[in-house]
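Here the protein sequences come in this chain order: V and L. Numbering (the numbering used here) for the first sequence: 1 to 321. Numbering (the numbering used here) for the second sequence: 1 to 258.
Just so you know, these hints were derived from the structure itself, not from any lab. For clarity, every value in this text was computed on a predicted model and none was experimentally measured. A virtual CB, placed ideally from N, CA and C, is assigned to each residue, including glycine. Please note that the accuracy of each hint is not assured.
What follows is a list of derived Cβ distance ranges for each label pair [said to hold, decoys possible]:
#1 L/Glu53 - V/Ala288: 50 to 56 Å
#2 V/Asp12 - L/Glu215: 38 to 44 Å
#3 L/Gly149 - V/Glu167: 49 to 55 Å
#4 V/Glu167 - L/Thr203: 53 to 59 Å
#5 V/Asp185 - L/Gly256: 39 to 45 Å
#6 L/Met45 - V/Phe213: 37 to 43 Å
#7 L/Asp214 - V/Phe213: 34 to 40 Å
Short derived list, chain V residues pointing at chain L, Cβ under 10 Å [what the hints assert, rightly or not]:
#8 Lys96
#9 Asp113
#10 Gly133
#11 Asp238
#12 His244
#13 Gln250
#14 Thr254
These are the residues of each chain, in order.
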Amino acid sequence: MTSPVIVYLDGDPLRSGVLEVLTLARGLGDVIALSPAPVGEQTVQTLGHYGVSRVLHVTADDADLTAPAAVGQGVADAAEELRATAVLLTSSFPTKEIAAHVAHRLAAGLLVDVGDLHWHEERLAGTKRAFGGTWDTSCAVTTARGVATVRPHAVAAEPAREPITAEVGAITVGASTPTGLELVDRQAHESSTDERPALAEAAVVVAGGRGTFGDFDPVHELADALGAAVGTTRDCVDEGWLPHDAQVGQTGVTVAPRLYIGAGISGAPHHIGGMSAARTIVAVNIDAEAPLVEMADFAVVGDLATVLTDAAEAIREHRGL
Amino acid sequence: MKHVPELESARGFSPEGRTVRTTEDGTLNEVDENAVEAALALREMSPESSDAEVVAVTLGPATAVDAVRRALQMGADRGVHISDDALTGADYATTARVLAAAVRQLGAADAVITGMAALDGLGAVVPSLLAAELGLPQLTVAHEVTYTGPPDHMVTITRDVAGATETWRAPLPAVISVTDVANSPRLPKMKEILAARTKEVATLTLADLDLPADEVVPRTEVLSVNQRPPREGPELVTDDDGNGGRKLAEYLISEGLI
Numbered sequence: 001m002t003s004p005v006i007v008y009l010d011g012d013p014l015r016s017g018v019l020e021v022l023t024l025a026r027g028l029g030d031v032i033a034l035s036p037a038p039v040g041e042q043t044v045q046t047l048g049h050y051g052v053s054r055v056l057h058v059t060a061d062d063a064d065l066t067a068p069a070a071v072g073q074g075v076a077d078a079a080e081e082l083r084a085t086a087v088l089l090t091s092s093f094p095t096k097e098i099a100a101h102v103a104h105r106l107a108a109g110l111l112v113d114v115g116d117l118h119w120h121e122e123r124l125a126g127t128k129r130a131f132g133g134t135w136d137t138s139c140a141v142t143t144a145r146g147v148a149t150v151r152p153h154a155v156a157a158e159p160a161r162e163p164i165t166a167e168v169g170a171i172t173v174g175a176s177t178p179t180g181l182e183l184v185d186r187q188a189h190e191s192s193t194d195e196r197p198a199l200a201e202a203a204v205v206v207a208g209g210r211g212t213f214g215d216f217d218p219v220h221e222l223a224d225a226l227g228a229a230v231g232t233t234r235d236c237v238d239e240g241w242l243p244h245d246a247q248v249g250q251t252g253v254t255v256a257p258r259l260y261i262g263a264g265i266s267g268a269p270h271h272i273g274g275m276s277a278a279r280t281i282v283a284v285n286i287d288a289e290a291p292l293v294e295m296a297d298f299a300v301v302g303d304l305a306t307v308l309t310d311a312a313e314a315i316r317e318h319r320g321l
Numbered sequence: 001m002k003h004v005p006e007l008e009s010a011r012g013f014s015p016e017g018r019t020v021r022t023t024e025d026g027t028l029n030e031v032d033e034n035a036v037e038a039a040l041a042l043r044e045m046s047p048e049s050s051d052a053e054v055v056a057v058t059l060g061p062a063t064a065v066d067a068v069r070r071a072l073q074m075g076a077d078r079g080v081h082i083s084d085d086a087l088t089g090a091d092y093a094t095t096a097r098v099l100a101a102a103v104r105q106l107g108a109a110d111a112v113i114t115g116m117a118a119l120d121g122l123g124a125v126v127p128s129l130l131a132a133e134l135g136l137p138q139l140t141v142a143h144e145v146t147y148t149g150p151p152d153h154m155v156t157i158t159r160d161v162a163g164a165t166e167t168w169r170a171p172l173p174a175v176i177s178v179t180d181v182a183n184s185p186r187l188p189k190m191k192e193i194l195a196a197r198t199k200e201v202a203t204l205t206l207a208d209l210d211l212p213a214d215e216v217v218p219r220t221e222v223l224s225v226n227q228r229p230p231r232e233g234p235e236l237v238t239d240d241d242g243n244g245g246r247k248l249a250e251y252l253i254s255e256g257l258i
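Pulled out of the complex, with its shape left as it was, chain V reads as follows (with noise of 0.2 Å):
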């Protein structure tokens, strides 16, 4: 099948989601990216390691890319010339608002937060978690493109088996921002920026509940052991024990890492939904019958305080810190 398959890119250098993705779409097609910004020298390489034979900048006359509808119409445009049969996101609030638009313009079936991507009678079809990670439902799209958006850590990102040069160019498309709709402000967090992982997208999260009774020392020591993201509940963030952002849950972020490690959690159904679709989960508890600890696949019955500083001590050790 050499039908080409774009991938979107939201931002430079490239979100370890953007590389599961382009794992998943070199096995549908002929891989094409496309950027709403720029993108750098180093970034194309990576692009060509994973696959990508083009990299397109996509520009529009009439509209600043920055609202998802813009963005969105100026994607499905682009898919539309290019004859794209999917087009591929990763899964972030931006981006399946992104994905909506495109799907909207293209008329075409969209799956979102899937797990994986295969053709199905040439559908594009997807697999996605349900019900707090209790149920598996495979759906496929019934239009001739689809559109999906794939959730993080889902897969592992693995390079092409022979990297190729990726040409780089630029393809100007129609979309419109509506009328008045304006982005007045836009700050970046300071945990994007510093040395832990943003939340969303870490591979590891230390999740902290209401078990710590405020005091996170412990959880961070843990998290910074194992280069890990620092979650919590919605219990704690109205606490405000910590910021709205670290909310793990339904309505917050949600997770799905290859480590999850829950302290002090007895595990709400808003929280597991949002963290259920981890791979493997820890439980630190000192009720041994809490929800979370019976869907552990490791749970330790204790104090979160000692357990998590003794745990940090031993990981720094075998690490040789």
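On the provided structure of chain V, position chain L as indicated by the hints.
Same frame as chain V, but now just chain L:
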């Protein structure tokens, strides 16, 4: 708003891949209460439109009317329940198309407000699709909503997404979606609960919305639904001996997670 299975209930799918919905364990999608609250607050922020109507709209089978009832108890003026057998298996695109048709039929809406996501499917794409269908600007995933009133009728929202805080603004009419920290939904009093019983809920079909069946053909189909095997239960250690932390580290090392 959407009627969804209660988070605590045993949620699942029918063999046809449809979400199982019953009255007993169904509820108004929790974050849609924040949407109702935002609508009531928007009306209160604009005294000049104190006669503005708040209309609660839902799409779903017969049981979904419960979601509308809850909104009426909170203070919505009337409800619209779209129910049609042809909508069984409606996907995101179909849902947005039908809701947009309902909004158009209601006449010039000042704002279309939704919860940021339905807590069953968690797709979070219907607000964007609704904005696209209606050709309106979208102000989505808002944790703060402010309104400047006439003459501009400008709504400004802030949102935390993908590692950044963004502030967007647009003049009304617009599509707004809110998070569960955007406000505290009011609790209806007994008097309001009783009053809600007499409020009108119109039940509409696709024909009532002038939507031909071929315009609401889903663009996705469910191939299979499979219940995942239950997790086997944890390898459990206790920290009674003070070695719990070390055992945790050993587990992570042995699993190749470090």
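Evaluated hints:
no.	hint	in the structure
1	L/Glu53 - V/Ala288: 50 to 56 Å	holds, 53 Å
2	V/Asp12 - L/Glu215: 38 to 44 Å	holds, 40 Å
3	L/Gly149 - V/Glu167: 49 to 55 Å	holds, 52 Å
4	V/Glu167 - L/Thr203: 53 to 59 Å	holds, 56 Å
5	V/Asp185 - L/Gly256: 39 to 45 Å	holds, 43 Å
6	L/Met45 - V/Phe213: 37 to 43 Å	holds, 38 Å
7	L/Asp214 - V/Phe213: 34 to 40 Å	violated, 59 Å
8	Lys96	holds, 5 Å
9	Asp113	holds, 7 Å
10	Gly133	holds, 7 Å
11	Asp238	holds, 9 Å
12	His244	holds, 6 Å
13	Gln250	holds, 5 Å
14	Thr254	holds, 7 Å
Hint violations for this structure: number 7 only, all remaining hints satisfied.
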